[in-house]
Amino acid sequence: MQKISPKNIAEAVYEATKEKAEEDLTAVLKRSARMLKGKRMLGQSSKVLNALQDIFDKKTNTVRMKVTTAKSMEHERRNKLENEIKEKYSARSIASEFFVQEELLGGAKIEIGEEVLDTTYKNKIYKLEKFLTK
Amino acid sequence: MSNHIVEILRKEIETFKADIKTEKVGHVLEVFDGIAKVSGLSDVKSSEMVTFGGGETGVALNLEEDTIGVIILSDFSKIKEGDEVKATGRILEVSVGNTIIGRVVNALGAEIDGKGVIKADKTYPIEKVAPGVITRLSVDQPVATGIKAIDAIIPIGRGQRELLIGDRQTGKTAIAIDTILNQKGQNMICVYVSIGQKDSKLRKIQTRLEEGGAMAYTIIVSAGSSEPAPLSYIAPYTGVSIAEYFMDQGKDVLIIYDDLSKHAVAYREISLLLRRPPGREAYPGDVFYLHSRLLERACRRNKEYGGGSITALPIIETQAGDISAYIPTNVISITDGQIFLETDLFYKGIRPAVNVGSSVSRVGSNAQIKAMKKVAGTLKLDLAQYRELEAFSQFGSDLDESTKKQLERGKRAVEILKQPQYSPMKTEHQVVVLYALTRGFMDDVPVEKIKEFEEGLISYSENNAKKFYKEVAEAKMWTDAGEEELKKAIGEFKTNFTNN
Numbered sequence: 001m002q003k004i005s006p007k008n009i010a011e012a013v014y015e016a017t018k019e020k021a022e023e024d025l026t027a028v029l030k031r032s033a034r035m036l037k038g039k040r041m042l043g044q045s046s047k048v049l050n051a052l053q054d055i056f057d058k059k060t061n062t063v064r065m066k067v068t069t070a071k072s073m074e075h076e077r078r079n080k081l082e083n084e085i086k087e088k089y090s091a092r093s094i095a096s097e098f099f100v101q102e103e104l105l106g107g108a109k110i111e112i113g114e115e116v117l118d119t120t121y122k123n124k125i126y127k128l129e130k131f132l133t134k
Numbered sequence: 001m002s003n004h005i006v007e008i009l010r011k012e013i014e015t016f017k018a019d020i021k022t023e024k025v026g027h028v029l030e031v032f033d034g035i036a037k038v039s040g041l042s043d044v045k046s047s048e049m050v051t052f053g054g055g056e057t058g059v060a061l062n063l064e065e066d067t068i069g070v071i072i073l074s075d076f077s078k079i080k081e082g083d084e085v086k087a088t089g090r091i092l093e094v095s096v097g098n099t100i101i102g103r104v105v106n107a108l109g110a111e112i113d114g115k116g117v118i119k120a121d122k123t124y125p126i127e128k129v130a131p132g133v134i135t136r137l138s139v140d141q142p143v144a145t146g147i148k149a150i151d152a153i154i155p156i157g158r159g160q161r162e163l164l165i166g167d168r169q170t171g172k173t174a175i176a177i178d179t180i181l182n183q184k185g186q187n188m189i190c191v192y193v194s195i196g197q198k199d200s201k202l203r204k205i206q207t208r209l210e211e212g213g214a215m216a217y218t219i220i221v222s223a224g225s226s227e228p229a230p231l232s233y234i235a236p237y238t239g240v241s242i243a244e245y246f247m248d249q250g251k252d253v254l255i256i257y258d259d260l261s262k263h264a265v266a267y268r269e270i271s272l273l274l275r276r277p278p279g280r281e282a283y284p285g286d287v288f289y290l291h292s293r294l295l296e297r298a299c300r301r302n303k304e305y306g307g308g309s310i311t312a313l314p315i316i317e318t319q320a321g322d323i324s325a326y327i328p329t330n331v332i333s334i335t336d337g338q339i340f341l342e343t344d345l346f347y348k349g350i351r352p353a354v355n356v357g358s359s360v361s362r363v364g365s366n367a368q369i370k371a372m373k374k375v376a377g378t379l380k381l382d383l384a385q386y387r388e389l390e391a392f393s394q395f396g397s398d399l400d401e402s403t404k405k406q407l408e409r410g411k412r413a414v415e416i417l418k419q420p421q422y423s424p425m426k427t428e429h430q431v432v433v434l435y436a437l438t439r440g441f442m443d444d445v446p447v448e449k450i451k452e453f454e455e456g457l458i459s460y461s462e463n464n465a466k467k468f469y470k471e472v473a474e475a476k477m478w479t480d481a482g483e484e485e486l487k488k489a490i491g492e493f494k495t496n497f498t499n500n
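If you read the protein sequences in the order shown, they are chains A and B.
Here the first sequence is numbered in the working numbering, starting from 1 and rising by one per residue.
Here the second sequence is numbered in the working numbering, starting from 1 and rising by one per residue.
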């Protein structure tokens with residue numbers, strides 16, 4: 001028999017929880033946890049959760065964005081950036097996280113899934129270093 | 001001076017443009033024993049080169065549902081969990097150029113001999129589909145190894161793949177090195193790929209090649225035993241890519257893989273770490289393809305496709321003479337013949353310890369020069385009969401005259417085929433010596449004096465049978481007049497030799 005992947009489990013859990021009310025939802029989730037235990041896959045629960053989140057995001061057309069800047073971003077700029085990303089990915093909603101990392105010196109690093117747009121000064125300096133030492 | 005440097009840097013900075021674009025980035029999930037599991041990079045291709053955050057390179061080998069398995073080609077201790085990984089969109093490449101000749105490079109083509117950076121003309125992908133049938137030409141030009149036992153009995157042609165197989169310490173590398181040394185003036189570029197060898201051994205080989213003036217046409221590719229398995233895995237492909245660069249210029253190239261047993265072991269290590277299912281002797285299922293796709297790249301191309309050839313001499317180390325193990329049988333079936341070296345012969349003092357009975361060259365006889373064919377035609381049969389009679393003669397003392405004669409001829413043939421290391425012999429000299437042997441001129445020379453006779457005959461005939469030498473060197477065959485001259489010279493020398 002084919003090996004069961006966390007993605008398979010996540011898909012099954014999603015299907016089972018679809019259109020379930022509060023009490024039913026809790027019961028299904030409890031049964032899912034028991035199934036994970038029965039299949040000795042509790043160690044992979046974080047992978048299952050990640051896969052579940054991916055499925056949920058896909059179904060609800062949600063984009064997850066992670067923004068890292070050298071200084072904290074103002075509220076207005078955050079909103080502007082979120083709207084632009086929403087438009088670019090034609091997303092219904094956006095879930096964003098903002099982080100501060102001083103060593104980036106300036107600019108911003110925007111991560112959406114596998115895609116990364118790195119406009120930080122640190123990255124530019126790294127590229128300049130590579131260009132000069134080539 | 002410092003102003004000048006500043007000026008150059010300023011200009012370079014002015015022209016620099018940081019190309020900012022969206023990139024697909026993966027993240028390291030785990031790193032162990034030269035392998036990294038990476039999440040993301042869903043568009044990466046198999047065998048595509050990837051780069052890690054610190055500039056380290058790797059190759060994507062396993063493409064799984066959510067992760068990819070990457071072999072790391074540099075120091076993996078600097079890579080941490082969570083590090084970024086970027087795909088390059090390119091198959092692993094090696095820098096090549098004419099200045100690489102005479103250099104020692106690592107499995108990635110970077111210099112390791114301390115003689116400065118190698119200026120590359122272009123880059124060649126290390127994995128390439130072997131030339132097709134239409135582009136090929138059959139083997140008909142010889143590769144002179146300078147070793148009598150090989151050139152006479154198991155000849156090798158340009159574009160051939162001849163396996164050197166035997167236990168440890170039987171002289172496999174010695175044959176390969178002698179062959180390289182003998183390529184001086186033969187219009188051949190040599191590539192020696194050292195896989196999983198000790199650095200001291202490699203240094204010894206390099207010194208020997210330098211002393212023999214062979215580094216002028218040789219490149220050494222090394223993946224030492226202290227380096228990670230992924231480098232041993234890619235080293236032969238790097239070597240053949242360098243060889244292809246020269247073949248594309250219409251040149252003949254000789255490539256030696258020393259040795260493919262260690263290459264298979266390195267691949268097994270990688271495959272097991274990547275959790276690929278193990279098969280026979282724990283090797284993965286595609287270990288045959290590993291060697292067949294490498295050795296298929298050895299070929300002789302026809303003139304319309306630029307000519308040139310790659311002759312491959314892979315080496316396989318057997319355990320206790322077991323040639324029926326997995327890797328030896330695989331490589332035997334891929335190659336166009338094998339030279340089998342035996343420990344017993346080696347310790348009997350028969351060196352090179354070639355077992356003539358088990359050795360074969362499937363296509364090489366077409367490449368043998370006519371003169372050599374004529375003198376060595378019956379040598380293999382004579383030797384086989386001698387071995388049979390030798391065993392038989394131990395049971396009884398009364399032997400008939402023809403059997404005795406055959407035994408005596410066999411003893412002398414064995415003695416003649418002995419050859420010390422690092423002393424390859426010119427084809428013309430080999431023809432003269434084998435002519436004297438097979439035509440019976442040595443039958444009454446005592447066995448213990450055969451070596452002395454051989455040396456004397458070569459120097460005497462060189463001065464007294466010039467026509468014969470010239471004919472063999474130029475027309476590859478002698479005329480009746482040339483033969484008469486040689487016969488006379490041998491006769492004269494023999495009289496002098498027996499009188500002294």
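These are computed hints drawn from the structure, not numbers from a lab.
Some hints could be false.
As the list claims (entries may be wrong) - Mimicking BS3-like on lysine-lysine, the simulated pairs with C-alpha atoms at most 30 Å apart in a straight line are: (1) K466(B) with K404(B); (2) K11(B) with K127(A); (3) K418(B) with K127(A); (4) K66(A) with K24(B); (5) K373(B) with K426(B); (6) K470(B) with K127(A).
Checked hints:
Proximity of K466(B) to K404(B) is assessed by CA-CA distance (about 35 Å); at most 30 Å being required, the pair is judged violated. As the CA atoms of K11(B) and K127(A) are separated by approximately 16 Å, the hinted pair is consistent with the 30 Å bound. Simply put, K418(B) and K127(A) have alpha-carbon atoms about 61 Å apart, too far for the 30 Å limit, and the pair is violated. At most 30 Å may separate the alpha-carbon atoms for a hinted pair to count; K66(A) and K24(B) meet this at roughly 14 Å.
Distance hint between K373(B) and K426(B) is fulfilled; the C-alpha atoms sit about 15 Å from each other, no more than 30 Å. Pair hint K470(B) plus K127(A) does not hold up; C-alpha atoms about 64 Å apart against a cutoff of 30 Å.
Figure legend: structure checked against the earlier numbered hints; hints not met, in rising order: 1, 3, 6.
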